[in-house]
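Q: Protein chains in written order, with my numbering: chain A, 779 to 1279; chain B, 1459 to 1580.
Calculated directly from the structure, the hints in this document are not laboratory data. There could be a bad hint or two in this list.
Derived DEER-like restraints, expressed as beta-carbon distance ranges [to be verified]: (1) PHE1198/A <-> ALA1547/B: 36 to 46 Å; (2) PRO1573/B <-> LEU782/A: 40 to 50 Å; (3) GLN828/A <-> GLY1518/B: 34 to 44 Å; (4) SER1485/B <-> CYS1222/A: 48 to 58 Å; (5) VAL809/A <-> PRO1525/B: 30 to 40 Å; (6) ILE1539/B <-> TRP842/A: 16 to 26 Å; (7) GLN984/A <-> PRO1523/B: 38 to 48 Å.
Backbone N, C-alpha and C define an ideal beta-carbon position, used for all residues, glycine too.
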Amino acid sequence: MDWLLALPFLLPIAVGLLAFSARRQPQLARVISLLGCVGLLLVALAIFVQVVTLGPVATQMGNWPAPFGITLVVDRLSAIMLLLAALVGTSVAVFAQADIDLHRETLGFQGFYQLLLAGVCGSFVTGDLFNLYVWFEVMLIASFALLVLGGEREQLDGAIKYVALNLVSTLLMLMAIGMIYGLTGTLNMAALHQALGQVEQRAALQLLAVLLIAAFGIKAALFPLYFWLPASYHVPPVAVTAVFAGLLTKVGVYALIRTFTLIFPADLSVARELLLGAALLTMLSGVLGAASQYEFRRILAFHIISQIGFLVLGLALYSPLALAGSIFYMAHNIIAKTNLLLISGTARRMAGSFELRKIGGLYRASPLLAAVFFIAAFSLAGFPPLSGFWAKLLLVTASLDQAAYWVAAVALVTGALTLFSMSKIWSEAFWKASPQEPSQKLTCLPAIERVQRMAPAVVLVLITLLLGLFPQPLIEFSEAAAAELLDPTAYVAAVLAPGAQ
Amino acid sequence: MESALVIVIGVMTATGVYLMLASNLLSYLFGLILLSNAANLVIFVAGRLTRMAPPLIPKGLQAPPEPVANALPQAMILTAIVIGFGLLAFTLALVVGCYRELGTIDADHMRLAEPITPDEAH
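Isolated chain A, as found in the complex:
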């Protein structure tokens, strides 16, 4: 078997165990965790290069031939998701060195953080539905721990809602998996691609599709299943919110894309209509929720929801261009969103609060922070020539191609309302004079903390700029990835062909 494909989860688990054992020496645990993240980034890059040159690659755990054993398989979508996860993981790990307090570190923050990355990466590489469930659980339990670590009253309050709703999602997924097994006798995704196409009971397929949409919809925070997200994402430390915002909901979207392109037959219209309705309402309700908020992080949390709508919209439209748009949007959004949350953390460090009414004058306190926020926020709102513009352009063009004019209209209205929220943060936090004592200047922070806080933000904003100014390579890559999703022959061959072991 090819060990490279197992490294994306083996490495973080090993590093996490080491970092957890070293939690009493926070300095050591930090170094271990950071090195682990850099290693993960290298592994993800190696896999990415391999997939781009060779097409989908697969390996069988323990050399059990598919479909009997657990298959690991990476195609273009998985490869870019891995790369983004490693990028976010590394950026947030650097930021966390400044943001996470000593108390949380001695409780084992670094260990749980690595475990979370293992769960996320495991979900991206697995080619087996039950194994996907297991990785979801790994991710879930690590996220529970990160959410309550520190044990503040607010954290417990938010965590109850997060835990309660996410456990329901898990159980729905488990039931659906049980029934899929009963229907086909296999849980290997590539084998399911063949087996579910031949199932004659359409009603059973529709039921399973709805169950899985509900299960993954809760994870991805789709309308009307997203209420856990605005209740919980603003309670843990910012570094935790940033990694949740960048990765967790996106794993749900990834699972939806994988399920409804590979596993279920393409002519299942119930799923498509349900996803389309949910996507549009998610976009609108998320952005309207954000408009009513006056807290930096809670505005961003509602925008996560709204952006999830765009990601699912591409899947619901189900054309090569729309799926390519979803994948491009994913890359743009993971980077911009994580960055905005990192910036909100630094803003709070300088101004002392997340409440927009209480803070101000951040532009005067740090033009660099303001510039980084400006680019990331306007990219999120879809301003040309930033990356969000190309992402929205692809999706809107795809909806116009299908003569779905009202879909395009909703997308554009959502974009305008996003701009409203972003300019609200800009004018309140950065532009207006501070209502209380002036914000601490960025240059007043210790030099090392300044680097830890600003370096990830600057790197991420440079990537956003690059994707905006030179979008062509990523668009071509997304189109190739979408073509692979719509015609999974190569994926299935890589998994099931006898020579694949």
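Mind docking chain B on chain A? Use the hints.
A: Below, chain B alone, put in the same frame as chain A:
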């Protein structure tokens, strides 16, 4: 046998969902236990209930001589039970922590993370 179990699963799911809808977190926990066991039984039934030989291959043979029971669902259920138990233990600890820190296990009264805004209070 399958149909009897299917009815049991249905009753467990309905009871579980009913309990989980209550605002009392303890009811939620009991509902969670019922629902997760219902999910395990779904996998069990999906593997077909047959009275057959255990899935063992006698020495010297390449394949079992007679039809054998399907062992895979049971392996999956074991995994699911272990995971479910871990999650349940965590949730129980979280509920206890909430009771100690917030003084309530009624989810309706937990408004620390999302404080009631003036317009909601009207």
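Q: Taking 34 to 44 Å as the stated bounds, is the beta-carbon spacing between GLN828/A and GLY1518/B within them?
A: 43 Å, holds
Q: Has the hinted range 40 to 50 Å been met by the Cβ atoms of PRO1573/B and LEU782/A?
A: Holds: the Cβ-Cβ distance is about 49 Å, inside 40 to 50 Å.
Q: May I ask you to test the hint 16 to 26 Å on the CB atoms belonging to ILE1539/B and TRP842/A?
A: 23 Å, holds
Q: Taking 48 to 58 Å as the stated bounds, is the beta-carbon spacing between SER1485/B and CYS1222/A within them?
A: 51 Å, holds
Q: Can the suggested window of 36 to 46 Å be confirmed for the beta-carbon pair PHE1198/A and ALA1547/B?
A: 45 Å, holds
Q: Within 38 to 48 Å or not, the Cβ separation of GLN984/A and PRO1523/B?
A: 41 Å, holds
Q: For the pair VAL809/A and PRO1525/B, does the Cβ-Cβ distance stay inside 30 to 40 Å?
A: 57 Å, violated
The structure shown violates just one earlier hint, number 5.
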